[in-house]
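Position chain U relative to chain S; hints supplied.
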Amino acid sequence: MTQFDLNDDSVVVIIGSGAGGGTLANELAQKGIKSVVLEAGKRFDLSDIENDEWAMFQKISWLDKRYSGGGWHGAVNHPTLPAWIVKGYGGSTIHWAGVALLFKDFEFKTRTNYGAIEGANVEDWPIDLEEMTPWYEKAELKMGVTGKTTGMPHLPWNNGFRVLAEGCRRTGRSDYRSGPMAINSVDRDDRPACQQIGFCMQGCAIGAKWSTMYTELPRAEDTGKCEIRTDAMVLKIEHDETGKASAVVYADKDGNQFRQKARVVCVAGNSIESPRMLLNSASSMFPDGLANSSGQVGKNYMNHTTGGVYAVLPEKVHMYRGTSVAGVVGDEVYHDPARGFSGGYYLEFLSLGLPFMAAFLEPGNTGWGRSVTRALEGYDRMSGVWVLGEDLAQERNAITLHDSEVDQHGLPVPIISKTPHNNDYEMTAHMYETTAQIYESVGATDVYELPAYPATHNMGTNRMHADPTKGVVNAYGQSHDIDNLFVSDGSQFTSSAACNPTLTIVALAIRQAEYIAQEMNAQNI
Amino acid sequence: MSIRFHRLGKSEEDKAAMSRRMFLMTTTMAGVTTNAMLGGTAFAASDVLTQAQSTSLLRMVQDIYPHPDILQLSHYQAIATTVMNNAEANEDMAKGLTDGLDQIDAKAQELHGVPYVEIEDPDAREGLLRHFQHEGFFQGVRWTAYFGIYDNKDVWPLLGYEGSSAEHGGYIDRGFSDITFVPEGPTLEERLADVQS
Numbered sequence: 001m002t003q004f005d006l007n008d009d010s011v012v013v014i015i016g017s018g019a020g021g022g023t024l025a026n027e028l029a030q031k032g033i034k035s036v037v038l039e040a041g042k043r044f045d046l047s048d049i050e051n052d053e054w055a056m057f058q059k060i061s062w063l064d065k066r067y068s069g070g071g072w073h074g075a076v077n078h079p080t081l082p083a084w085i086v087k088g089y090g091g092s093t094i095h096w097a098g099v100a101l102l103f104k105d106f107e108f109k110t111r112t113n114y115g116a117i118e119g120a121n122v123e124d125w126p127i128d129l130e131e132m133t134p135w136y137e138k139a140e141l142k143m144g145v146t147g148k149t150t151g152m153p154h155l156p157w158n159n160g161f162r163v164l165a166e167g168c169r170r171t172g173r174s175d176y177r178s179g180p181m182a183i184n185s186v187d188r189d190d191r192p193a194c195q196q197i198g199f200c201m202q203g204c205a206i207g208a209k210w211s212t213m214y215t216e217l218p219r220a221e222d223t224g225k226c227e228i229r230t231d232a233m234v235l236k237i238e239h240d241e242t243g244k245a246s247a248v249v250y251a252d253k254d255g256n257q258f259r260q261k262a263r264v265v266c267v268a269g270n271s272i273e274s275p276r277m278l279l280n281s282a283s284s285m286f287p288d289g290l291a292n293s294s295g296q297v298g299k300n301y302m303n304h305t306t307g308g309v310y311a312v313l314p315e316k317v318h319m320y321r322g323t324s325v326a327g328v329v330g331d332e333v334y335h336d337p338a339r340g341f342s343g344g345y346y347l348e349f350l351s352l353g354l355p356f357m358a359a360f361l362e363p364g365n366t367g368w369g370r371s372v373t374r375a376l377e378g379y380d381r382m383s384g385v386w387v388l389g390e391d392l393a394q395e396r397n398a399i400t401l402h403d404s405e406v407d408q409h410g411l412p413v414p415i416i417s418k419t420p421h422n423n424d425y426e427m428t429a430h431m432y433e434t435t436a437q438i439y440e441s442v443g444a445t446d447v448y449e450l451p452a453y454p455a456t457h458n459m460g461t462n463r464m465h466a467d468p469t470k471g472v473v474n475a476y477g478q479s480h481d482i483d484n485l486f487v488s489d490g491s492q493f494t495s496s497a498a499c500n501p502t503l504t505i506v507a508l509a510i511r512q513a514e515y516i517a518q519e520m521n522a523q524n525i
Numbered sequence: 001m002s003i004r005f006h007r008l009g010k011s012e013e014d015k016a017a018m019s020r021r022m023f024l025m026t027t028t029m030a031g032v033t034t035n036a037m038l039g040g041t042a043f044a045a046s047d048v049l050t051q052a053q054s055t056s057l058l059r060m061v062q063d064i065y066p067h068p069d070i071l072q073l074s075h076y077q078a079i080a081t082t083v084m085n086n087a088e089a090n091e092d093m094a095k096g097l098t099d100g101l102d103q104i105d106a107k108a109q110e111l112h113g114v115p116y117v118e119i120e121d122p123d124a125r126e127g128l129l130r131h132f133q134h135e136g137f138f139q140g141v142r143w144t145a146y147f148g149i150y151d152n153k154d155v156w157p158l159l160g161y162e163g164s165s166a167e168h169g170g171y172i173d174r175g176f177s178d179i180t181f182v183p184e185g186p187t188l189e190e191r192l193a194d195v196q197s
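The listed protein sequences derive, respectively, from chains S and U. The numbering of the first sequence is full-length UniProt numbering, which starts it at 1 and goes up by one. The numbering of the second sequence is full-length UniProt numbering, which starts it at 1 and goes up by one.
It should be emphasised that the hints constitute simulated quantities derived from the structure, not laboratory data. Values in this document were obtained by computation on a predicted structure and should not be read as measured data. Be aware that one or more of the hints could be misleading.
Unchecked claim - Quick list of in silico lysine-lysine cross-link-like pairs, BS3-like style, CA-CA up to 25 angstroms:
{"id": "1", "chain 1": "U", "residue 1": "K107", "chain 2": "S", "residue 2": "K59"}
{"id": "2", "chain 1": "S", "residue 1": "K34", "chain 2": "S", "residue 2": "K65"}
{"id": "3", "chain 1": "S", "residue 1": "K59", "chain 2": "S", "residue 2": "K34"}
{"id": "4", "chain 1": "S", "residue 1": "K65", "chain 2": "S", "residue 2": "K104"}
{"id": "5", "chain 1": "S", "residue 1": "K316", "chain 2": "U", "residue 2": "K153"}
{"id": "6", "chain 1": "S", "residue 1": "K253", "chain 2": "S", "residue 2": "K59"}
Just chain S, with the same shape it has in the complex:
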């Protein structure tokens, strides 16, 4: 395997190996551009994947010390697990469910379409759907997304989704289907078709679901242009006297420190670690952290307005059989202030295994007793959804550094604060009511409303903005302050939209790779 010298200052250093970092590494490698990927977690392969919710949670989750803050219920019920993301080779593409939706046009221009919203920090992206469409198509072809771009049919409907779909039909809805999913419905790209195993979010045991773990990363390594170092936790990004990023300091699993020189640095550590790295890299030249002249690094943390709804049906459903997110309902994704909130939301069928259902049905200290056991005795008759809608940017929702506690590397522990906006409460009430009506139309006897899970969709903490005083990066994810410092993950999102973020992260990474190559060739970076 290729190894680059620590003093090789011609390499692009990419921090993180998930949807953003993994895609970027392979795109650059295919163009012949050398990169070193620093991945904080371990190297995983398919043999590590088990169909076991807690075993996989323990194996792949990012469990370094973190605190939940703000007014969301998780500050009490999930005090040290603000987010549910992965630490390892492949990042959160191991855990993602495979939903590959794209932004609606209006969702790129939320300031224009929603106007200024009190208490929120809503802005327009410097890009739009027309600009992104070709990049979305490249992403769909790369990942193998069911739908028109690839011509690959959507997946067959499983029991749980069939119940939801019938409820949609009976309530007059029309936009419900078993895709688009980045899960093979036929053999494609050296990966097999889905076998309806379930456990998509514990990692796909056969690789039918796209993950950088077995696509982008090994393909990048195979070019000889990319070295991926696992167990490499970044401590600091350094800069030279001109203010250009020059090196990345990281620690291996034994705590030994290394300094990898770099021509370009791309941050793709997810929306908690990416701003944390920039803040931890403060220097005399950049006392508020790198790329932070706007003061927006770590701000505008978004993780979608979410909840779960599980209905008990009169007959057995066995919802856990088959694809975890087996279908998507898009009828509610539109902006109409008359509904009492801005933005829209999806309903996504989502099966939980019994262990997770018992843990998340009523999270926290109170989730026991006869109401809980009675509900769980209906487990095999349940169908349910994850509702997810647009989460408005707010400055107070932020990643900040603890002022005294440090982690195992001596870095200040991050505090992830999230307080819902009134928009979220209004939207959540609408989501719950809509879903209950859908399930009641197919005979649901009980409907359980679950509060948000620790978030896997984390966005916005290094946001894109045309105006350098209002955002951290430009339309290519390049930081306004430092030309050779890029943000390559979901933290560059200006708005969250209603949809799952991965397809957009991948599309942006493909586009960014093109831009980096162009700028390197032009000697601009």
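For chain U alone, kept in the frame of chain S given last:
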């Protein structure tokens, strides 16, 4: 946060719940009786808990996750044994547990005039335990019970969960789409037409 029952009317389910409550009381007796019959074996072997405390603990794990129609007393005994073994290995945990069980009994005497295990109404027992639900000892017992039931592969079939499927080739040939009370999904041809039109 709490579970919100959505438009839950008075139904057959409620009547069923009544009969479950009655069954629970039977189980209470079964718990006490069996434990008494075991005498000096399983629970009295504890270096940490008295006989009365062991009985309380067994009642407590049943009240935390009551599944009288589904689980056997032995399931709960196994959980109680795990709690006691953990307590025997950890002095702080043992003290927390014994103090906690004593507090539960003291509260039971205060509110109901009898020890906790002698409260017949399961609602009253749950209500009593709610006083302690934010205590460390309580959550320790609760999470041990959680893992002993809901993350226990032997219990899964009793609650209608089949678990791991990759080793069986997934659920694609094992009922992933076998229900009959709603229409079937689109055929392959229809799904192809949907993306190729």
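**Request:** Below or equal to 25 angstroms on CA atoms is what counts here, so check S/K59 against S/K34.
**Result:** Given that 25 angstroms is the threshold and the Cα spacing comes to 31 angstroms, the pair is violated.
**Asked** Regarding the pair S/K34 and S/K65, is the alpha-carbon distance no greater than 25 angstroms?
**Response** Distance ~33 angstroms between S/K34 and S/K65 Cα, so the pair is violated.
**Request:** Quickly compare the C-alpha distance for U/K107 and S/K59 to 25 angstroms and report which way the hint goes.
**Result:** Violated, at about 41 angstroms.
**Asked** For the pair supplied as a hint, S/K65 and S/K104, is the alpha-carbon distance within the 25 angstroms limit?
**Response** violated (36 angstroms)
**Prompt:** Taking 25 angstroms as the top limit, are the C-alpha atoms of S/K316 and U/K153 close enough?
**Reply:** At roughly 20 angstroms apart (the allowed maximum being 25 angstroms), U/K153 and S/K316 satisfy the hint.
**Asked** Is the hinted pair S/K253 and S/K59 satisfied, with a Cα-Cα distance of at most 25 angstroms?
**Response** Satisfied, since the Cα-Cα distance of roughly 16 angstroms is no more than 25 angstroms.
The structure fails hints 1, 2, 3 and 4 (numbered hints given earlier, in ascending order).
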